[in-house]
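Colleague: If you read the protein sequences in the order shown, they are chains W and S. Read in order, the letters of the first sequence correspond to residues 56 to 558 in my numbering. Read in order, the letters of the second sequence correspond to residues 56 to 558 in my numbering.
No lab work stands behind these hints: they were computed from the structure. Mixed in with the good hints there might be a few duds.
Any copy, or any two copies together, can satisfy a pair, since identical chains are not distinguished.
Said to hold, decoys possible - Below are the DSS-like pairs computed for lysine-lysine, each with C-alpha atoms no more than 25 Å apart in a straight line:
hint, residue 1, residue 2
1, Lys135, Lys98
2, Lys69, Lys121
3, Lys109, Lys62
4, Lys205, Lys122
Protein chains: 2
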Amino acid sequence: MSKTFEKLQPYLDKSMALQTARNLFEWDDQTTAPFEAAEYTAKVVGILSDEYMKSLVNEDVKKLLKKLQEEKEQQELTEKERAIIRELSKTYEELESIPPDEYREFNELASVSNRKWAKAKKDNSYEDFAPYLKKIIELKKKFACYRAKKGQLPYEVLLSDFDECFMIPELDQFFEKVKQEIIPLLKEVAKKADTIDKSYNYLHYDIQKQKEFCRFLSGYIGFDFNRGVIAESAHPFTLQLHNHDVRITDRYMEDNLESAMFSIIHESGHALYEMNIDDSITQTLVGGGASMGMHESQSRFYENIIARSQEFWEPIYNRLQSTYPENLCNITLKHFIKGINKAAPSLIRTEADELSYPIHIIIRYEIEKMIFQDEVSVEELPKVWNQKYQEYMGISPTTDSEGILQDTHWSWGEFGYFPSYAIGSAVASQLYACMKEKMPLTQYLKEGNLTPIREFLRDNIHKYGAIKNTKQLLKDVCGEDFNADYYVNYLKDKYRKLYDLSI
Amino acid sequence: MSKTFEKLQPYLDKSMALQTARNLFEWDDQTTAPFEAAEYTAKVVGILSDEYMKSLVNEDVKKLLKKLQEEKEQQELTEKERAIIRELSKTYEELESIPPDEYREFNELASVSNRKWAKAKKDNSYEDFAPYLKKIIELKKKFACYRAKKGQLPYEVLLSDFDECFMIPELDQFFEKVKQEIIPLLKEVAKKADTIDKSYNYLHYDIQKQKEFCRFLSGYIGFDFNRGVIAESAHPFTLQLHNHDVRITDRYMEDNLESAMFSIIHESGHALYEMNIDDSITQTLVGGGASMGMHESQSRFYENIIARSQEFWEPIYNRLQSTYPENLCNITLKHFIKGINKAAPSLIRTEADELSYPIHIIIRYEIEKMIFQDEVSVEELPKVWNQKYQEYMGISPTTDSEGILQDTHWSWGEFGYFPSYAIGSAVASQLYACMKEKMPLTQYLKEGNLTPIREFLRDNIHKYGAIKNTKQLLKDVCGEDFNADYYVNYLKDKYRKLYDLSI
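For reference, chain W alone in the conformation it holds in the complex (with noise of 0.2 Å):
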């Protein structure tokens, strides 16, 4: 190990720790913490937070990054070190470029602003989240600003929070492309909506064997529960503390089968990327996911692409249909496969279908553009939300709450974030056609046997970390760059099947 990077060491331990324990503090606070502690565990993670920032941004960690800096341009520092030391500058500079006092008055903006947008949702009321709203995107833009390299759009800035590989001209052809040819099909698809019966789904479902049915896919897909846990949760999410320790949570409807079961796939698949980074870079800054484009394409991938085929259910469908006999016993394989895919424009994007899904990202993205480049005020948010639903899904919210106020992200500052979910499905689709090349995937599923499937990416995706970002890991494992034709003639394929369309 260089001896410089051993002096940063300590630092680096340091600030592990403190993020370990805010993690743990963000795990307790929304799975185990009773209602009132809030406000006394708020000035201990206050704290905890303020002392994670100083164990990275002080004199001595400055010097010693400027020193690897010139240790890395003469090639003295492992791959390892180097990953490292560009992940610890990212979030030096980051950290460094935004005043203290406004770094602080945003934290304390966005949780009173998210609150506010809570209420406002409930309420239907956009004008009473308006105000903070403006405030927080005026705060994200000026941060923005500070922080953007010579010739890089604020808005870039913030993209570059989740996925680094995706700059606005990536993204602009990405979703025209997906605009173009999803639109389209999605329209024919709803002129079907009658060839697909799923009341099924909302019938009676007791929780107690969702729970134990929700455990088994956890498992079976390769969840190892020495490692982790599964809790529940208002909104399932996935947490870690390192690669020995990764939590995932759920939650359950007595009023719908499908809910649960892929959510905890989806969570699974974030799970075991976290699961599979490699020993040797856990607890470290490059111990996490490559990006979140790239989690979010491992959970779409189990979620959707495996989770959602008929070959996945062929070996298990009958447990299911035992463990629900009185709701299950007249649904053939092939009635829940389409039931589980099927498709129609719609208004909520957290409860969208595979097909429409990109469609809400792509509005969100496009509003995101103009809000970081002036091009629209927080007055007028509400209405171009309302039109751009009706252009691309043909109908349109009746009320904010199921408009421009769904969301919670904004209301935390956390904009550039959505695309990730589209370049997730995008790259898992990638990931799949490579994959089929590489192994007999469908027989492997029939079979109920996922180990292989598993270990490839384990193997060429997940050990890694953030050691490669989205593209050196694409690049990697297919031979080629991101290629949004994937994701598109998949869903093509799978939907004029599905619905027996001639388009």
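Place chain S on chain W using the hints.
Modeller: For chain S alone, coordinates are given in the frame of chain W:
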């Protein structure tokens, strides 16, 4: 606030945040964390512990403390500030008096030693544990000598970690009385073992129903679910993040009705203490209970004095009966009360009844005193243990697992802890006598109204946290010093009646 104290505040805040984080990791380890997480999480907790120590033991704090000691003498500090300074000085002196190398050596040893103990207990092999125990004792003696004030015995240094009000003279006197009065009583009770039939307790009791009933019991005595949660763990315990987040656990057995019920009441007693500490001192060094002894007085007050009384069960016994009609329909309230109070000489402390319990403590106290006065070797301990059980209980362990190896405390180096349990019982009896003078306690229980009891304890004990010590609290509540007569008389009255004895 004193200007000097103000300068100390950031150090106190930082140590509080780090300590709270350690507590949350402890909670998580016992209730949630996956099996294989331990090694990687230990690294995180190790770093947080080092940071905790650094936040308190450093030149800045040392100077501030010195200055504050002077201000204390000059009466420039508030009562709260003075109490915090007192606690900080104690912690500071302890941490500073032990060389960091030896402190680390001890912590590493304790963790190994605990694992060795668990294995030795399982294998019934004292000789496998003895070398570790020897080393632990050596280090504890060394530390106690470093820390001892002039004329203070090493064992008293250890006792003072758990309750500074009870040193060897007080404990000798207390335990002598208990031995004289309780050992003969226990022998009489043993002769009448057959008069109480408790077989109903060991039938099949559905665990889900146990959980619901235990939750009811906890709320019934006043546990506030907005500020606390109940979880499961291998051994029941209480842990708080602050007074708005107090957590308890329980363990459920299918073939034992009592176990989980009295554990949850015991832990709820601890929890009420922590929940009722005043907002103005929570998250400070005096924001926990006054001492281990005082804490145990609250758990034992609820567990034994309140919840093993007939009056407590009068309003709720039919709820228990109708939870398990198949087992309890023919068990009258009177029969049940006799069952939950059945006493007998026993070998295992944690399963002991209220009457034989203090004898278990006395045996451990006498042995610990011998150890720290160099009157017994590690090799001789099993023999001494067994002799004392024979002498006081009239029975003797046939294996070391149910003898010298039964408790975990020594494997962690926790010498001086055991007396707190007996102090707790005695303090509880004294408080009970005093409360009966001040309120119609029996009537309240019969009416199912536990609020005045909780409020009395809150206003007279809980809210003060560690601002007052055990003796000050007793004096202020009862108007007299600690007096073991209350305890001995309580036990004698209760068990004479229960077993219809003439002694």
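Colleague: If a hint holds in the structure, say so; if it does not, say that too.
Modeller: Do the hints match the structure? See the list:
1. Taking the closest pair of Cα atoms, Lys135 and Lys98 come within 25 Å of each other only across two copies (20 Å); inside a single copy the shortest separation is 35 Å, beyond that limit.
2. In this assembly of identical chains, the alpha carbons of Lys69 and Lys121 lie at most 25 Å apart only when taken from the same copy (20 Å versus 29 Å across copies).
3. In this homomeric assembly, Lys109 and Lys62 come within 25 Å of each other (Cα to Cα) both inside a single copy, at 16 Å, and across copies, at 19 Å.
4. In this assembly of identical chains, the alpha carbons of Lys205 and Lys122 lie at most 25 Å apart only when taken from the same copy (24 Å versus 53 Å across copies).
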